[in-house]
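Fit chain A to the given chain B structure using the hints.
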Amino acid sequence: MNRDTLYAIFIEELVNVAPDLDAGTINKDDQLQDDLELDSMDVLNLVAALHERLGVDIPEDDYVQIETPAKAADYLAAKLK
Amino acid sequence: MSVFVMPSLGADMEDGKLVEWLVKPGDAVHRGDVVAVVETQKGAIEIEIFEDGIVQSLEAELGTTLPVGAPLALIGDGTVATAPVQKPEPRPSPPPAAARQAAPAEPEPAEAKPEPEPQPEPKVAETGAVAPAKPVAAVPEPPAAPAPPAPAVKAAPVVASGHVAASPAARALAAEKGIDLTGVTGSWPGGAIVLADVERAAAQPAAAPATGPAAPAKPARGFDIEAMRQGIAAAMTRSKREIPHYYMTHEVDLQKATDWLAQKNADVGPAERLLMGALFVKATALAAKAVEGVNGHFEQGAYVPSETVNAGVAVALRGGGLVAPAIPDADEKNLAGLMAAMRDLVTRARAGRLRSSEMTSGTITISSLGERGVDQMTGVIYPPQVAMVTFGTPRAAARVVEDAIRIRQVVAVTLAADHRTSDGRRGARFLTEIEKLLQAPEAL
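So the protein lines, in turn, are chains B and A.
The first sequence: position 56 = 56 (this note's numbering), numbered continuously.
With the second sequence counted from 1, adding 1000 to any position gets you this note's numbering.
Quick caveat, the hints were computed from the structure, so don't treat them as lab data.
This one's a predicted model, so the numbers in the text were calculated from it and none came from an experiment.
Treat each hint with caution, since some may be false.
To be verified - Over 10 Å on every C-beta distance to chain A, these chain B residues come out as not near it, computed from the model:
1. N2
2. T5
3. Y7
4. N27
5. Q65
6. A70
7. L80
8. K81
As the list claims (entries may be wrong) - Pairwise CB distance ranges, derived in the manner of DEER restraints:
9. A:E1442 to B:V64: 25 to 31 Å
10. B:D61 to A:K1256: 16 to 22 Å
11. A:Y1303 to B:K28: 52 to 58 Å
Stated by the list, open to error - Derived list of chain B stretches under chain A, where covered just means 3 residues or more per stretch with a C-beta under 8 Å from a C-beta of chain A:
12. 10–22
13. 37–49
14. 53–62
For glycine and all other residues, C-beta sits at the position ideal for the given N, C-alpha and C.
So here's chain B without its partners, still in its complex pose:
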């Protein structure tokens, strides 16, 4: 899966976790908690959804590496290489 696909998947799962977000207005550098107002439960649900969808288990120490959609796409691409 290439980075663009992973980016799209990340946005899709993000909007599933936070259905009141509008996918069209999310920027690649939006910080999940500061800009998109996710709380720790949302982040955990997002990590669980990505695990389910992609089989990537993101340990807690790596949460900071998925803190924006752009960083997350890089991280997932590296993990799935």
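Just chain A now, with coordinates in the frame of chain B:
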């Protein structure tokens, strides 16, 4: 025979708009069943009934805004003839928030409301008496992990006797546009309808015939931020006017809990991981059970302690706004059970699917500022409760441990308590009890 009335879902609620009936005359209902959906300042709330019986008649029409205490339905045992109930005049649809504030207060049609049979349902709004309703609905199983989002074109799921799952924003827009939600396709996992689905439906008028309850272009009342702000303003103003708060903060060493949690979470997949927030809720609930004066309601001039600890959990909503639905018997749940309950509450708070019992049964409220917040916050008690506990953002700090200075994770725990029901000594015992419990996370 009894009258099922518009319940009060909080100190700040004056009225609610009936948007959905989930029962019809002749249906058998049981204590705890969700029978209607009412839009309030806190969003769409599922209203439960608190008795068993047969629905004799529905006394309120969809789309009307009715004051707390107004009859909604007559409930009988299926044998008694129906006694006519005088319907109160529905309130005119409220003008937009700004205009509403400026307008002189409408007289409460309180005298018009027929006194219902004695009923366990909490009523009475402004005078503050909300009975510590025992939770009747068990917290449901947590929703399954989000389904792989195949191009979701499922019909909106119909749960609990024909109720369409939809977010408050979606309901509000649908009401405004006169769109029948049963004809809208939901795109959220599980098929729930969100705002974008209604917008899509609105853009194709032919596909979505406006057959719903006639709701001509009136300002929709659902979960709009302005209305929610008004509700928060009313409750918090009342709290600060009536409750003699006192406050105290205690810095708690969180290193053991942090290490324990990290180790526990490292061994399991994301779905089984715990959040520090679950430890906070459990420790607070156990301490509230152990120390008198902080768990219950203050109503009609007297403190009514609660046998159970129903932990209200503050959930911040995107775009502003706050709800604090309760987890019943939080002191008796294990951490996994609390996580499941919290996940479920947060999900339903966001989707606008909270239940009336969850809105009124809280006996203490817990607010956790999360991982990227500030050190501490002094809260405002949510009436008629008597205590509010706020956990700041855990942070590393230099602490004296025995004879050395060490870097430890700490959290500031702040209690706002009602001086009518406890004093400083009790409050201090309560906070040190929380501290003690957090030093043995494995026992929580």
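Is it true that the C-beta distance of Y1303 (chain A) to K28 (chain B) lies inside 52 to 58 Å, as the hint says?
holds, 53 Å
For E1442 (chain A) and V64 (chain B), compare the CB-CB distance with the range 25 to 31 Å and indicate the outcome.
Given a distance of about 27 Å, which is inside 25 to 31 Å, the answer is holds.
Distal placement of Q65 (chain B) relative to chain A, Cβ over 10 Å
Q65 (chain B) is indeed farther than 10 Å from all Cβ atoms of chain A, at 15 Å.
Taking 8 Å as the C-beta cutoff, is the stated coverage of the region 37–49 of chain B by chain A satisfied by three or more residues?
Per the Cβ count (10), the hint holds.
Is the nearest CB of chain A more than 10 Å from the CB of Y7 (chain B)?
holds, 15 Å
Can you tell me whether the CB distance of D61 (chain B) to K1256 (chain A) sits inside 16 to 22 Å?
This hint holds: roughly 19 Å between Cβ atoms.
When I compare C-beta atoms, does the region 53–62 of chain B have three or more residues closer than 8 Å to chain A?
Answer holds; 5 residues pass the 8 Å Cβ test.
Find the nearest Cβ of chain A to the Cβ of A70 (chain B) and say whether that gap is larger than 10 Å.
holds, 19 Å
Grab the minimum beta-carbon distance between N2 (chain B) and chain A and tell me whether it stays above 10 Å.
holds, 19 Å
Within the assertion that chain A covers the region 10–22 of chain B, do at least three residues meet a Cβ-to-Cβ distance smaller than 8 Å?
Our answer is that it holds, as 9 residues pass the Cβ test (under 8 Å) against chain A, meeting three.
Any Cβ of chain A at or closer than 10 Å to L80 (chain B), or is the non-interface label fine?
holds, 16 Å
Taking the minimum C-beta separation from K81 (chain B) to chain A, is that value above 10 Å?
holds, 21 Å
Violation of the numbered hints given earlier is absent; every hint is satisfied by the structure.
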